[in-house]
Amino acid sequence: MDYNVSALIEYFPYFIPAAWKTIEVTALGILLGMVLGLLTAFSRLSKNPLFNVPARLYIFVIRGTPLLLQLMFLYFGLRSILNLEALTTAVIALGIHNGAYIAEIFRGAIQSIAVGQMEAARSLGMTYRKAMIRIILPQAFKRAIPPLGNQFIIALKDSSLASAITIKELLLKSQQLASSNYYMMEMLTIAAIFYLFYTSIFTWLVHKIEEKLAVSGSR
Amino acid sequence: MIKVRKLEKWFGKLHVLKGIDLDVNPSEVVVIIGASGSGKSTLLRCINFLEKFQKGTVEIDGKVIDKNNEKMKNAMRTHVGMVFQHFNLFPHMTVLQNVIEGPSQVKKISKAKAVEIGKYYLEKVGLSDKEVAYPSMLSGGQKQRVAIARALGMEPSVMLFDEPTSALDPELVGEVLSVMKDLASEGMTMVVVTHEMGFAREVADRVIYMDDGLIVEEGTPEEIFNNPKVERTQEFLSQIL
Ligand SMILES: Nc1ncnc2c1ncn2[C@@H]1O[C@H](COP(=O)(O)OP(=O)(O)O)[C@@H](O)[C@H]1O
Ligand SMILES: [Mg+2]
Numbered sequence: 677m678d679y680n681v682s683a684l685i686e687y688f689p690y691f692i693p694a695a696w697k698t699i700e701v702t703a704l705g706i707l708l709g710m711v712l713g714l715l716t717a718f719s720r721l722s723k724n725p726l727f728n729v730p731a732r733l734y735i736f737v738i739r740g741t742p743l744l745l746q747l748m749f750l751y752f753g754l755r756s757i758l759n760l761e762a763l764t765t766a767v768i769a770l771g772i773h774n775g776a777y778i779a780e781i782f783r784g785a786i787q788s789i790a791v792g793q794m795e796a797a798r799s800l801g802m803t804y805r806k807a808m809i810r811i812i813l814p815q816a817f818k819r820a821i822p823p824l825g826n827q828f829i830i831a832l833k834d835s836s837l838a839s840a841i842t843i844k845e846l847l848l849k850s851q852q853l854a855s856s857n858y859y860m861m862e863m864l865t866i867a868a869i870f871y872l873f874y875t876s877i878f879t880w881l882v883h884k885i886e887e888k889l890a891v892s893g894s895r
Numbered sequence: 003m004i005k006v007r008k009l010e011k012w013f014g015k016l017h018v019l020k021g022i023d024l025d026v027n028p029s030e031v032v033v034i035i036g037a038s039g040s041g042k043s044t045l046l047r048c049i050n051f052l053e054k055f056q057k058g059t060v061e062i063d064g065k066v067i068d069k070n071n072e073k074m075k076n077a078m079r080t081h082v083g084m085v086f087q088h089f090n091l092f093p094h095m096t097v098l099q100n101v102i103e104g105p106s107q108v109k110k111i112s113k114a115k116a117v118e119i120g121k122y123y124l125e126k127v128g129l130s131d132k133e134v135a136y137p138s139m140l141s142g143g144q145k146q147r148v149a150i151a152r153a154l155g156m157e158p159s160v161m162l163f164d165e166p167t168s169a170l171d172p173e174l175v176g177e178v179l180s181v182m183k184d185l186a187s188e189g190m191t192m193v194v195v196t197h198e199m200g201f202a203r204e205v206a207d208r209v210i211y212m213d214d215g216l217i218v219e220e221g222t223p224e225e226i227f228n229n230p231k232v233e234r235t236q237e238f239l240s241q242i243l
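Protein chains in written order, with our numbering: chain G, 677 to 895; chain D, 3 to 243.
It is worth saying that the hints were derived from the structure and are not from the lab.
Treat the hints loosely; a few may be bogus.
Claimed, not checked - List of simulated lysine-lysine pairs, DSS-like, C-alpha gap at most 30 Å:
1) Lys15(D) with Lys183(D)
2) Lys113(D) with Lys723(G)
3) Lys806(G) with Lys126(D)
4) Lys113(D) with Lys888(G)
5) Lys5(D) with Lys833(G)
6) Lys806(G) with Lys231(D)
Stated by the list, open to error - Taking CB as the label site, the calculated pair distances span:
7) Asn70(D) with Leu760(G): 22 to 32 Å
8) Ile830(G) with Lys57(D): 19 to 29 Å
9) Asp68(D) with Leu745(G): 50 to 60 Å
10) Met748(G) with Asn70(D): 44 to 54 Å
As the list claims (entries may be wrong) - Sample of chain G residues with no beta-carbon within 12 Å of chain D, all distances over it, derived:
11) Tyr687
12) Phe688
13) Met710
14) Leu712
15) Pro742
16) Leu754
17) Ile789
18) Arg798
19) Met802
20) Ile809
21) Gln815
22) Phe817
23) Lys833
24) Asp834
25) Ser836
26) Trp880
From a predicted model like this one, the values you see are computed outputs, not experimental measurements.
Just so you know, even glycine gets a beta-carbon here, dropped at the ideal spot from N, CA and C.
Based on the sequences and whatever the hints tell you, model everything.
Structural data, given as structure tokens:
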């Protein structure tokens, strides 16, 4: 098999817009996922079935079906009904998908904060809400950072599935270029380099944040 | 100050408190002793409604607390300080922040005033030099003293202590007990669950012996430790003394 190293350099610039597209889909998807995740985590923790039953159902459905299916489901369903752009559809799908996982991350983190913390806060006369905001959540967020970082990296890689619904992100770009220049392996390599670049930066960033938080009083 | 009447509590099918009547008068120090599992912690936790109970009433500062009234319970808790066996300090806050959290967030006292109060009580427990430390950097004895300062920061009218020294290494027990003695001598109303019989003898106005969800006997330290009338009290004391 021939492998044309110079094609790597030649075609690299063509990937720049796609590289931005990947970031765009991922970042917006994660943002939506965080909002949905937080809301769902609280609904899931609520004792009221009106909240926790829909939350459970949402998590059950999303975690039990493939992302590719969810993407297509929204693309062929929601998009045509609401007349959405493909990009919007991809962001919504990624957001909904990640929301379910992020909800479980937050729920786990909140539950991992010992009940003693809640009791100490309540014994000072704090309302449940205030105790949540002032005492439980700051600790839970800190505990959620490593698994959240993990989930964000998964989300970044998962954004490649948006290629299936016509989003010109890195993977689709590599396929389109390869179909005209026939450098399939080379184009995939370029896409891979971008992904590795993103994931390295992100891993480093999460690490820094963890380090910083560890300083201000660990346990 | 505290009036508990016919308090009964079940955990599922387990009858944990079987009709408790308890009065605590202003400036009184009441020490509760009894075997593990006899319901001492549960009783303390029912007094400030951290635990739900099924029957009976709790009256604090002349008000019968309505268990369905969150506002009333929150207001009551600002007058009732609680110190836990495992400290339960807020690990993401410095020592001073731990102490001013209640005054500033619950009582809505200005930041400057809250800091003043915080510093005052940290000095009282001998930890002025630890204001900016995080709880993770403290010894168990220091943690418990911060927890006491945190409760005092609310300027409560009564303090509940649930085995405040049980989680401490023996050499750290003294510093916590000494802070509690000072409090008692200043006239703080206190309900203390403890196994420290020396403290009970020395500081308690009244000692209560609990067994199996009931108050079996109560009296002055003299009466309980020297002339216990009930056989079960005698047995318990002979085991621990
Ligand atoms: N959250 C709980 N759920 C079920 N049972 C409990 C709970 N807390 C305490 N108990 C039970 O209630 C009884 C009294 O416990 P507790 O008040 O902690 O006793 P003490 O403080 O005197 O050791 C024990 O039998 C204990 O196992
Ligand atoms: Mg106990």
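Cross-check of the supplied hints:
no. : hint                                : in the structure
1   : Lys15(D) with Lys183(D)             : 39 Å, violated
2   : Lys113(D) with Lys723(G)            : 35 Å, violated
3   : Lys806(G) with Lys126(D)            : 28 Å, holds
4   : Lys113(D) with Lys888(G)            : 26 Å, holds
5   : Lys5(D) with Lys833(G)              : 63 Å, violated
6   : Lys806(G) with Lys231(D)            : 48 Å, violated
7   : Asn70(D) with Leu760(G): 22 to 32 Å : 47 Å, violated
8   : Ile830(G) with Lys57(D): 19 to 29 Å : 52 Å, violated
9   : Asp68(D) with Leu745(G): 50 to 60 Å : 52 Å, holds
10  : Met748(G) with Asn70(D): 44 to 54 Å : 50 Å, holds
11  : Tyr687                              : 49 Å, holds
12  : Phe688                              : 45 Å, holds
13  : Met710                              : 20 Å, holds
14  : Leu712                              : 26 Å, holds
15  : Pro742                              : 38 Å, holds
16  : Leu754                              : 41 Å, holds
17  : Ile789                              : 10 Å, violated
18  : Arg798                              : 6 Å, violated
19  : Met802                              : 6 Å, violated
20  : Ile809                              : 10 Å, violated
21  : Gln815                              : 5 Å, violated
22  : Phe817                              : 10 Å, violated
23  : Lys833                              : 32 Å, holds
24  : Asp834                              : 32 Å, holds
25  : Ser836                              : 37 Å, holds
26  : Trp880                              : 24 Å, holds
The structure fails to meet hints 1, 2, 5, 6, 7, 8, 17, 18, 19, 20, 21, 22 from the earlier list, while all remaining hints are met.
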